[in-house]
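S.K.: Let's have the full structure, built from the sequences with the hints guiding it.
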Amino acid sequence: MSISFPASLIPANEASRLRTLHLYQVANTTPEQIFDEYVAWAAQLFNTPIALISLVDEEYVHFKALTGAEGVPGLPRTESMCSAAILLDLPIITSDYKAESCQLIKPDVAQALGLGFYAGSALRMPDGERIGMMAVIGREFRTLSAAEEDVLTQLANLVSRTIELRFQYLNVDMTDAWEAAQQELTATLDDNAALTRYLSTRNNGINLDDDEIQDLVLRRLAGVGKVLDRRMKEIPSAHA
Numbered sequence: 014m015s016i017s018f019p020a021s022l023i024p025a026n027e028a029s030r031l032r033t034l035h036l037y038q039v040a041n042t043t044p045e046q047i048f049d050e051y052v053a054w055a056a057q058l059f060n061t062p063i064a065l066i067s068l069v070d071e072e073y074v075h076f077k078a079l080t081g082a083e084g085v086p087g088l089p090r091t092e093s094m095c096s097a098a099i100l101l102d103l104p105i106i107t108s109d110y111k112a113e114s115c116q117l118i119k120p121d122v123a124q125a126l127g128l129g130f131y132a133g134s135a136l137r138m139p140d141g142e143r144i145g146m147m148a149v150i151g152r153e154f155r156t157l158s159a160a161e162e163d164v165l166t167q168l169a170n171l172v173s174r175t176i177e178l179r180f181q182y183l184n185v186d187m188t189d190a191w192e193a194a195q196q197e198l199t200a201t202l203d204d205n206a207a208l209t210r211y212l213s214t215r216n217n218g219i220n221l222d223d224d225e226i227q228d229l230v231l232r233r234l235a236g237v238g239k240v241l242d243r244r245m246k247e248i249p250s251a252h253a
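Going by my numbering, 15 is the number at position 2 of the sequence shown; the sequence numbering is gapless.
Just so you know, the hints here were simulated from the structure itself, not pulled from any lab data.
Computed Cβ-Cβ distance ranges for the label pairs, DEER-style:
(1) LYS239 x ASN184: 20 to 26 Å
(2) ASP189 x ALA82: 28 to 34 Å
(3) ASP189 x GLY218: 39 to 45 Å
DMTMM-like, lysine to aspartate or glutamate: derived pairs with alpha carbons at most 25 Å apart:
(4) LYS111 x GLU92
(5) LYS111 x GLU83
(6) LYS246 x ASP186
(7) LYS119 x ASP102
(8) LYS119 x GLU92
(9) LYS119 x GLU27
Here a beta-carbon is modelled for each residue, glycine too, at the ideal position from N, C-alpha and C.
M.R.: Below you can see the structure in the form of structure tokens.
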């Protein structure tokens, strides 16, 4: 709870941040299964009712993917914790939804839903700009262990790389290749989710501080990264 937010919801680098966001042409677009798979897996790993991928635009926070509150396309920037979270250059942002914890946003929607826990890691693009968040959200506030922080940070990194891969494919009109990459990544993440369900059933929940579970999850995260690396090498402009 010791996080100190800036005085303004608009960062000094807002113009360049928005240029980066708009370059990727991913905000306010139709759902894509690959991103849905990321949030579904995140909710399982952290045992939270809600997980989302947000993209913070000029006045609105678009939810590229959301599980646990389906049908909500996003929130005004003044009402989303992601708007405040992207302001901080930290690996992980955790907060509750009390007004005194973050005076930059109106927590009415979150409070009405009975939410009391937010943990997110920024979607950082290659130019360093933070365009959104990978976040898990729950009802009871808790702290994350170092192992949990590492997993959430790695998930956010994979989402950022997936957005970059999407952009590179579509930028050279390799739409069919992007569809094939999505299918491979989706199958990989779906397999990871199946393993997580098995581990959760066997162990009465997921404890990322358990050495065996942590090792399995980290290897699965690395596996997704390898798919992204291999697919990126298919794109001429990405390694010219």
